[in-house]
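A.B. asks: Sequence:
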Amino acid sequence: EAAILAAAGYTSSDSILEAPNGYSDALFDGNMDWEILTNGLGVSYRLVDPGFDIKRFPAQVHMQNPIEAVLNLLESHSLRADDVENLTVHTGGRGHSGSLPESGLDGKFSIEYCAAAALLDGKVGIETFTDDRRFSPDMEETLGKIQVEPSNQDSADVKVTALLKDGRSAEAECRGFRGSARNPMSREERMDKVIDCVGRVLTDQDADRLVSLIEDLENVADISEIMDLIGRQPSV
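If you number the sequence shown the way UniProt numbering does, the last residue is 236 and the count never jumps.
These are calculated hints, taken from the structure and not from any lab test.
Where is the CB? At the ideal position from N, CA and C, for every residue including glycine.
A hint or two may mislead.
Think about it this way: if two alpha-carbon atoms lie no more than 25 angstroms apart in a straight line, the pair counts; the simulated DSS-like pairs of lysine-lysine are [as the list claims (entries may be wrong)]: (1) K159 / K145; (2) K55 / K159; (3) K123 / K193; (4) K55 / K108; (5) K108 / K165; (6) K193 / K145; (7) K165 / K145; (8) K123 / K159; (9) K193 / K165; (10) K159 / K108; (11) K55 / K193; (12) K108 / K123; (13) K55 / K165; (14) K108 / K193.
Cβ pair distances, simulated, as ranges [what the hints assert, rightly or not]: (15) A26 / G167: 52 to 62 angstroms; (16) S136 / L5: 23 to 33 angstroms; (17) N219 / R187: 10 to 20 angstroms; (18) L47 / L5: 42 to 52 angstroms; (19) L164 / V201: 38 to 48 angstroms; (20) P150 / M191: 27 to 37 angstroms; (21) R190 / E1: 25 to 35 angstroms; (22) T11 / G51: 42 to 52 angstroms; (23) N31 / D204: 51 to 61 angstroms; (24) L217 / E85: 30 to 40 angstroms.
Model the full structure from these sequences, guided by the hints.
C.D. replies: So, in structure tokens, the structure goes:
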């Protein structure tokens with residue numbers, strides 16, 4: 001929208017950050033340390049170091065570690081949801097609401113729901129957060145098995161502990177989810193996420209074309225084709 005307004009001739013202040021009653025005054029009551037703001041400007045780039053996070057699963061960022069911890073549990077101990085009597089998620093407390101989601105969309109912000117979905121389905125995707133999945137009988141039953149124990153530590157690391165129906169216990173953890181800056185996804189994993197999203201609207205051929213254009217973006221002289229592809233609407 002800003003680009004469209006600029007193209008139409010709209011102008012604005014060139015000192016909006018530091019001007020009286022500007023950004024600094026509005027957010028920091030005028031107590032902005034400009035040296036901190038501009039330190040390393042043009043020299044260091046946080047997109048490169050330390051890097052940025054890409055959410056592997058379509059849920060709030062604080063749900064990524066709990067989901068991955070449950071998936072690690074299933075894989076490392078060769079478990080299925082039917083093997084589990086109850087599951088406890090030990091977390092630093094980030095993102096824990098303590099309430100069950102009122103809709104599928106709300107599930108994106110619920111540790112209990114995300115853990116239950118990972119346990120039941122062995123994956124978490126866009127379909128996880130529909131109302132149909134949220135209120136399905138097996139989900140309702142599994143939510144009753146999930147407990148969250150937040151700690152006072154300000155940490156995103158997560159450990160999950162399962163009590164199994166045969167009396168054994170099993171645990172797994174996640175310290176830096178796959179896709180975080182310290183544990184980046186491979187290109188193949190990123191492409192899986194892209195195709196899962198755009199493949200709901202684009203054909204395989206168009207999806208591949210979109211990826212190739214974006215990966216060579218610095219050499220694309222006209223982005224009209226990109227905008228056409230990402231602006232496609234699903235057929236009814």
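A.B. asks: All hints, please: hold or fail.
C.D. replies: For each hint, the structure was consulted:
1. K159 / K145: 16 angstroms, holds
2. K55 / K159: 19 angstroms, holds
3. K123 / K193: Cα-Cα ~12 angstroms, so holds.
4. K55 / K108: Status holds; Cα separation ~12 angstroms.
5. K108 / K165: Not satisfied, since the Cα-Cα distance of roughly 28 angstroms exceeds 25 angstroms.
6. K193 / K145: 29 angstroms, violated
7. K165 / K145: 12 angstroms, holds
8. K123 / K159: Judged against 25 angstroms, a Cα distance of about 18 angstroms means the pair holds.
9. K193 / K165: 34 angstroms, violated
10. K159 / K108: 19 angstroms, holds
11. K55 / K193: This hinted pair holds, its Cα atoms lying about 9 angstroms apart.
12. K108 / K123: Satisfied, since the Cα-Cα distance of roughly 14 angstroms is no more than 25 angstroms.
13. K55 / K165: Not satisfied, since the Cα-Cα distance of roughly 33 angstroms exceeds 25 angstroms.
14. K108 / K193: Measuring from Cα to Cα gives roughly 17 angstroms; hence the hint holds.
15. A26 / G167: 52 to 62 angstroms: Holds, since A26 and G167 (Cβ atoms, about 59 angstroms apart) stay within the stated range.
16. S136 / L5: 23 to 33 angstroms: 46 angstroms, violated
17. N219 / R187: 10 to 20 angstroms: 18 angstroms, holds
18. L47 / L5: 42 to 52 angstroms: 26 angstroms, violated
19. L164 / V201: 38 to 48 angstroms: About 42 angstroms separates the Cβ atoms of L164 and V201, which means 38 to 48 angstroms holds.
20. P150 / M191: 27 to 37 angstroms: 35 angstroms, holds
21. R190 / E1: 25 to 35 angstroms: 28 angstroms, holds
22. T11 / G51: 42 to 52 angstroms: Once the Cβ atoms are compared, 36 angstroms apart, the range 42 to 52 angstroms for G51 and T11 is violated.
23. N31 / D204: 51 to 61 angstroms: 53 angstroms, holds
24. L217 / E85: 30 to 40 angstroms: 50 angstroms, violated
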